[in-house]
Amino acid sequence: MRIDRTHRSWLVASLAIFGVALLVYAAYRVPFASGSMGGTAAGLAFGSIGFAFMIFAALLGARKRMPVYRFGPAQTWMRGHLWLGLLSLPIILFHSGFRYGHGLTAWLMTLLIIVVLSGVFGAVLQHYMPLVMTREVTMETIYEEIGHVRAQLLEEAEELIKQATGVEKKAEVEGGEPDSSESAVAVMDEIAPLRNFYERELKPFLEKPGARGAALGDAAQARSAFAQLRTLVPASLHTTVEDLEGICEEERQLTLQSHLHLWLHSWLLLHIPLSLALILLGAIHAVMALRY
Amino acid sequence: MLFEELKTIQRQSDGTPIAAEDLLRLPVFKDISPQFLKKNANATVWRHFKRGDIVCREGEFGSTAFYILEGRASVALATPIAHVKAQGRPTGFLARLTSKLTSRLSPRQEDRREGEADRRSIPIDAPVDLAYDHPVAELGPGELFGEMTCMNYYPRSATVRAESDCTMLEMLRNVLDVLQKNKAFRAQLDETYRRRALDSHLRDVSLFRGLHQDFIDRLRDRVELMRFAPGQVICKQGDPADSFYLVRLGFVKVSENYPGGELVLAYLSRGDYFGEIGLLGGGTRTAACSALDHVEVVRISAEDFREMMDRYPEVRSGLERAARERQDANQQRLRMVRSVPLESFLAQGLMEAQSLLVLDLAKCTRCDACVTACADSHDGVTRLVREGLRFENFLVATSCRQCRDPLCMVGCPVGAIRRRNSLEVIIEDWCIGCGLCAKNCPYGNINMHSFAAQVEDHEHPGQKKAVVQKKATTCDLCTEHAEPSCVYACPHDAAHRVEPRDFFAGSLGQRVGKTGSART
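These protein sequence lines map, in sequence, to chains A and B. Residues 1 to 292 in the numbering used here are what the first sequence spells out, letter by letter. Residues 1001 to 1520 in the numbering used here are what the second sequence spells out, letter by letter.
Please keep in mind that the hints were generated in silico from the structure rather than gathered at the bench. Note that the Cβ used here is the ideal one computed from N, Cα and C, for glycine as well. Just to be clear, a hint being listed does not mean it is correct.
Claimed, not checked - Part of the chain A face toward chain B, derived, beta carbon under 8 Å:
id : residue
1  : Arg-2
2  : Ile-3
3  : Ala-26
4  : Arg-29
5  : Ala-74
6  : Trp-77
7  : Met-78
8  : Phe-98
9  : Gln-126
10 : Thr-134
11 : Ile-146
12 : Gly-147
13 : Thr-255
14 : His-259
Stated by the list, open to error - Not close to chain A: a few residues of chain B, all C-beta gaps over 12 Å, as computed:
id : residue
15 : Lys-1030
16 : Leu-1280
17 : Leu-1361
18 : Glu-1392
19 : Val-1487
Unchecked claim - Label pairs and their computed distance ranges (CB to CB):
id : chain 1 : residue 1 : chain 2 : residue 2 : range
20 : A       : Glu-242   : B       : Glu-1320  : 53 to 61 Å
21 : B       : Asp-1368  : A       : Gly-39    : 51 to 59 Å
22 : A       : Val-124   : B       : Asp-1368  : 18 to 26 Å
23 : B       : Ala-1466  : A       : Glu-242   : 53 to 61 Å
24 : B       : Ala-1466  : A       : Gly-72    : 35 to 43 Å
25 : B       : Gly-1444  : A       : Arg-5     : 54 to 62 Å
26 : A       : Thr-138   : B       : Gly-1444  : 46 to 54 Å
27 : B       : Pro-1240  : A       : Ser-236   : 39 to 47 Å
28 : B       : Ala-1466  : A       : His-259   : 31 to 39 Å
29 : A       : Arg-5     : B       : Val-1233  : 38 to 46 Å
30 : A       : Ile-3     : B       : Thr-1479  : 44 to 52 Å
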């Protein structure tokens, strides 16, 4: 979600909550400067509020799994997730009196910090990356379709080469069998660079676009390679070269899209499980603290 | 027996070409050139049907027309008369919270739609219309059906079944084309139309419902039935207005010329009318009308039209109101066409849309929550695809655009796709699932929804069998809810349903007012 002006009310509300919490903390902390904060009335209140914020933030996942249920617009839940989730960190710090603790509380604090930081990291990514993807990947497709589109690109390239090779075969037929005419040999010589380029450079790139060191994976190097190829083949094949260059460009864009997509979503692999662990351990901590 | 001549003809088995000399004995072929019939010897064949046999099925593609020589046949719609609808509106707080939409067929008794009260018949490709509340009719000797399929290759509009042993001629387009130029044959078809369909056709236009029977009887003999070939101009913009037209068959394109090109104002199909603006206004045609395919119209002369206006003030006021609405909408479109500067806006057909699902790509994280929500709302079948053309930073998703120039409506063999007054495209209950609208939509926004139905088993009379049938569906904007599910479920504030010219007004360097009520 892009953090823009539409978040102003959430920002103001969050700052207000933070301000009030800070004042309360300051008021309560001074008399108990040396003691534990968590067990005091204010500490318990901070703990409860912070945990409630965490639970609300975690419920976003459940909300997303029930998209048609009218529990309120999903974007409201997302805004709440962002701001209340962020607020939970200072509130919990107030709850702990800025102490890291031992055992379960230390685990909890570590998890909270990682969850909040990974969330902030994700929010930053989701703020910038969609725009980057829109700008850089003009031939974007549905992520799940990338494999299919890649297969199609390879087929198209094969077809283009076949068509060019068709010229070669025609020359063979015209020259008789076995083909020994000078014109047929000349045509074969002209096409050879295109075929070699395809077999050695383009095909491996299209088959394994992510492979390290593939020259065609770099736009500048690819431009240079195709420019050189144009000088080696007759003008009649320049359209084919241009089409192959287009395929190569689309392949690069798909690779970039895959990378950006991974960046956009892979942080969730850390954020979500740790959030669930945090909620679970938080609940255990609350029960243990209240009981014992 | 209508055709006494049949007694003198030796009938051949089903599917056998009928000899030219035998054809020439039938009155309808009397004036046709024998050379033509000999050259096209295989273009007309005998068809014999036993009682209960199916002659043709709705939705099937074909290229022939049938002419009944003897026997009777029923024509009906086999597809359930119902529309695909999201499951009913939730009531109560908890139900609203937890309501999950599902698609199902909703019969009209349960969910009567706006505008249905005006509808009395369903247009089909036969000389009769089907009664709206009981869509079954009978055809007899001397009647032709399948004309639109034969001439325009549209899917069959209804299922025809032999009610008694029938003998028919099945003919290809070249023969039908020549027959239609034959005065005797035309006169017979026209007489059948005047006798059986003109009345219901006129009365199906809500504005003409108040006409008295005596006036319709008078019109019956005075109207002219005209035919136009594909592309033929029916009337030109600026010509003197001398008649009012009712579309009987085919599709008519209404367009206006403006600097830089032609603007399509509407496609009119059976039951629609045109020419009233010129007659009511300054006496000249304000738009050009041309035949999109093989078109037949009922022409009412200016004199009869004026008499109708004088005798029936309510018809006059209704027509005047409709004409004003059309003119206002057309003016608005013209103003907009002149002022919209961006070529891509035009090229992507965005100008034609009145409601777009746009995804702000600067905010969209490609999480597909919108698609999931749409699928969850409609039995797991999404009505939107998160792919489409881009306009600036916005992706125009593949979801119904409620086009002002609804190409999806061209060719529907039963006229089942229409627009509400709000211009929202809806698919009527009598959709036969032929899929032509889905094929015609340039943006791929109409889907075919499969469902199980019980139909009569012709192999075992009296029994029913379960079959999978289809109905066309398009985005219903989740009208059960205040906001479409796709928009509601987007966590990133990226999905919006918008009026395109308003939404993109900033990009177009202007502010264009909303045109929600515009009508062509």
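Hints, one by one, checked against the model:
1. Arg-2: Because about 5 Å separates Arg-2 (chain A) from the closest Cβ in chain B, which is inside the 8 Å limit, the hint holds.
2. Ile-3: 10 Å, violated
3. Ala-26: Nearest chain B Cβ about 36 Å off; hint violated.
4. Arg-29: With Cβ-Cβ at 37 Å, over 8 Å, it is violated.
5. Ala-74: Holds, about 4 Å.
6. Trp-77: Because about 7 Å separates Trp-77 (chain A) from the closest Cβ in chain B, which is inside the 8 Å limit, the hint holds.
7. Met-78: 4 Å, holds
8. Phe-98: 33 Å, violated
9. Gln-126: OK, holds: Gln-126 (chain A) within 8 Å of chain B, min 5 Å.
10. Thr-134: Given a least distance of 4 Å, the restraint on Thr-134 (chain A) holds.
11. Ile-146: At about 12 Å, which exceeds the 8 Å cut-off, the nearest Cβ of chain B leaves the hint on Ile-146 (chain A) violated.
12. Gly-147: Violated, because the Cβ-Cβ distance from Gly-147 (chain A) to chain B comes to roughly 16 Å (cut-off 8 Å).
13. Thr-255: 16 Å, violated
14. His-259: 13 Å, violated
15. Lys-1030: Holds: least Cβ distance 58 Å, greater than 12 Å.
16. Leu-1280: 48 Å, holds
17. Leu-1361: The assertion about Leu-1361 (chain B) is violated, with a minimum of 4 Å to chain A.
18. Glu-1392: 9 Å, violated
19. Val-1487: Contrary to the label, Val-1487 (chain B) does not stay out of reach of chain A, its closest Cβ about 8 Å off (not over 12 Å).
20. A:Glu-242 - B:Glu-1320: 53 to 61 Å: 60 Å, holds
21. B:Asp-1368 - A:Gly-39: 51 to 59 Å: 46 Å, violated
22. A:Val-124 - B:Asp-1368: 18 to 26 Å: 22 Å, holds
23. B:Ala-1466 - A:Glu-242: 53 to 61 Å: About 55 Å separates the Cβ atoms of Ala-1466 (chain B) and Glu-242 (chain A), which means 53 to 61 Å holds.
24. B:Ala-1466 - A:Gly-72: 35 to 43 Å: Hint holds: Cβ distance 41 Å, inside 35 to 43 Å.
25. B:Gly-1444 - A:Arg-5: 54 to 62 Å: 36 Å, violated
26. A:Thr-138 - B:Gly-1444: 46 to 54 Å: The hint (46 to 54 Å, Cβ to Cβ) is violated, given that Thr-138 (chain A) and Gly-1444 (chain B) are roughly 21 Å apart.
27. B:Pro-1240 - A:Ser-236: 39 to 47 Å: For Ser-236 (chain A) against Pro-1240 (chain B), whose Cβ atoms are near 59 Å apart, the range 39 to 47 Å is violated.
28. B:Ala-1466 - A:His-259: 31 to 39 Å: 50 Å, violated
29. A:Arg-5 - B:Val-1233: 38 to 46 Å: 55 Å, violated
30. A:Ile-3 - B:Thr-1479: 44 to 52 Å: 33 Å, violated
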